[in-house]
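Q: Protein chains in written order, with the working numbering: chain A, 5 to 339; chain B, 5 to 339.
It is possible that part of the hints are untrue.
Intra- or inter-copy, both count: the list cannot distinguish identical chains.
The calculated DSS-like cross-link candidates involving lysine-lysine, where the alpha carbons are at most 25 Å apart (straight line), are [said to hold, decoys possible]:
#	residue 1	residue 2
1	Lys12	Lys312
2	Lys312	Lys169
3	Lys48	Lys250
Hints in this document: simulated from the structure, not taken from any laboratory.
Number of protein chains: 2
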Amino acid sequence: MKLLEAIKQCSFKVDDFIRRLLPDEAKPRELYAASRHLIEAGGKRLRPFLVVQSCIAVGGDASAVLPAAASVELIHNFTLVHDDIMDRDDFRRGVPTVHRIWGVPTAIIAGDLLFSKAFEALLRCAKHISVSPERVVEAARRLAEAVSTIAEGQALDMSLSGRLKEEVVSEEEYYEMIYKKTAALFKVSCEIGSIIGGGSEEQVRALSSYGENIGLAFQMLDDILGVTADEKVLGKPVGSDLREGKCTLIMIHALSNASSSQRAAIMKVYGKSEISVEELKLVVKLLEDLGSISYVLDLAKKHVDSAKKSISILPESGAKRLLMELADFVISRKY
Amino acid sequence: MKLLEAIKQCSFKVDDFIRRLLPDEAKPRELYAASRHLIEAGGKRLRPFLVVQSCIAVGGDASAVLPAAASVELIHNFTLVHDDIMDRDDFRRGVPTVHRIWGVPTAIIAGDLLFSKAFEALLRCAKHISVSPERVVEAARRLAEAVSTIAEGQALDMSLSGRLKEEVVSEEEYYEMIYKKTAALFKVSCEIGSIIGGGSEEQVRALSSYGENIGLAFQMLDDILGVTADEKVLGKPVGSDLREGKCTLIMIHALSNASSSQRAAIMKVYGKSEISVEELKLVVKLLEDLGSISYVLDLAKKHVDSAKKSISILPESGAKRLLMELADFVISRKY
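Can you build the whole structure from these sequences, using the hints too?
A: Now the structure itself:
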């Protein structure tokens, strides 16, 4: 099966499971509608796909792991709902954010509900005959730790973005932030899938490393799309990372290689919400001239190569092939 | 051992465990400090006490259940941090609330971190030799469901409080709200303790009913203290439930029994943040004259009786005796 078709097939099953966890008739209606909002608005469902393929790749039963696949998508959306409040973002996936429609209090609870539903879902894996309770406990423990890591990552993201305006942020600090904020959930998705699927310790480690590396590459490409992709494709305003003053590796590279006049030109738009599209385009051109975008893309490619190398030890299978293709997709995608 | 002394002894162990989960040296420092803030400010630790005594009452090992005891306190504090943001409360436990000190974004993440740490803690119970992974999965599943219920309860609380100003709220709606918002966590604390402790289905059901009933009684007394207790004892401004226009059974009873002039007097302060202490005192006197406070206290007493009756099937033990005493304490407490 082609990769995009396989991702789509998987997303149908995951979405169906999530709809039953967050049904239309559940009360309070507003709260459940707010919880479903971003999930229904779109998303590629890459994380659940990783759970399912990691399970199949170690010889596990895809039907046993579906609740776990849903759980990582719920966690992902929980973090989006809360992050949008913190970042004061008005749009995501082409629709107004949850707090814009229902207000901050309901958005906070909607995020909390997605979080608890994620654990309800994951723990249901124990009902499947092929899954031992030991493995479910181990998967749930790792998911809980990953969520703590994501919380640390979001806090780091806020503090680094504030700092970059005045002082140097190192590449190490950037790596720690995106590892925690983004890669940890990709990593744990692969771990959960292979643990529930009955994988050996070596197989779980291999998929864990794969997930971490494509997570890092994914975030790097997100940063690139954040300055180069257009609004329709992105589902949110162009250049919002620049306007919001987000700390990205592109910015770190650009600021440490810029002349003082180039630096001044970048700082004129960085963190300024009211910049024009023309000003934005000039800065994007500058980031390209400084080689900052290709620098980040090259690094992302290296992580994709590491990811593919990590899972070379797995037996050949359709799932392994899809994971190999997915690694390339992560940095070739346009959205 | 005396009840209050037993609660105190238990809280030392729980606090010690929580300190190791949220250590001073953990980074980002601010995030962990924000997460510890309310826990360090006080609290009676009744929920962890319920976990531990429910475990011992069914013959379980207290040391095996300590991580589970910590987990319900972490969940409790997670809900407090997020509720304070939603209710715009400035003080709790005699200190400024988390969002007042660190701002809303950090408070949201601090709550999320407490939530994930709660599951990290609970899942550690599986490390103890006496606890089967099946029981840990079952306990974690119930805790996740309880958190979903609490989220529903917080949403209900917000909508009922808005509605009471204009229309009638029924006692059934009030019961559903406090069951979800408060009693569900007391209930699941007893369930988790008895499940991890190896209790029979009948014992778990008995303790579940006990927990639910003292949870309902606890919230009713909270509502009473909210209008009668003084500020020093309460740790937050007197009459904040009235000022914030909270939906309590006292208010439902008073409004449905008040003459039109009494109703007008109540509505003059209800939901008004700028009321004076004198105006507040007049309304408290009116609530007493209408019999609304004694009405709620009588109902709370009935739930305490039901709670005690529920656990009469348990074998005699020190833990059972403490749980019986705790039921009485819940409605005799002054704070």
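Q: A separate judgement is required for each hint: does it hold in the structure or not?
A: Quick rundown of the hints versus the structure:
no.: 1; hint: Lys12 x Lys312; result: within (22 Å within a copy, 54 Å between copies)
no.: 2; hint: Lys312 x Lys169; result: neither (36 Å within a copy, 61 Å between copies)
no.: 3; hint: Lys48 x Lys250; result: within (23 Å within a copy, 41 Å between copies)
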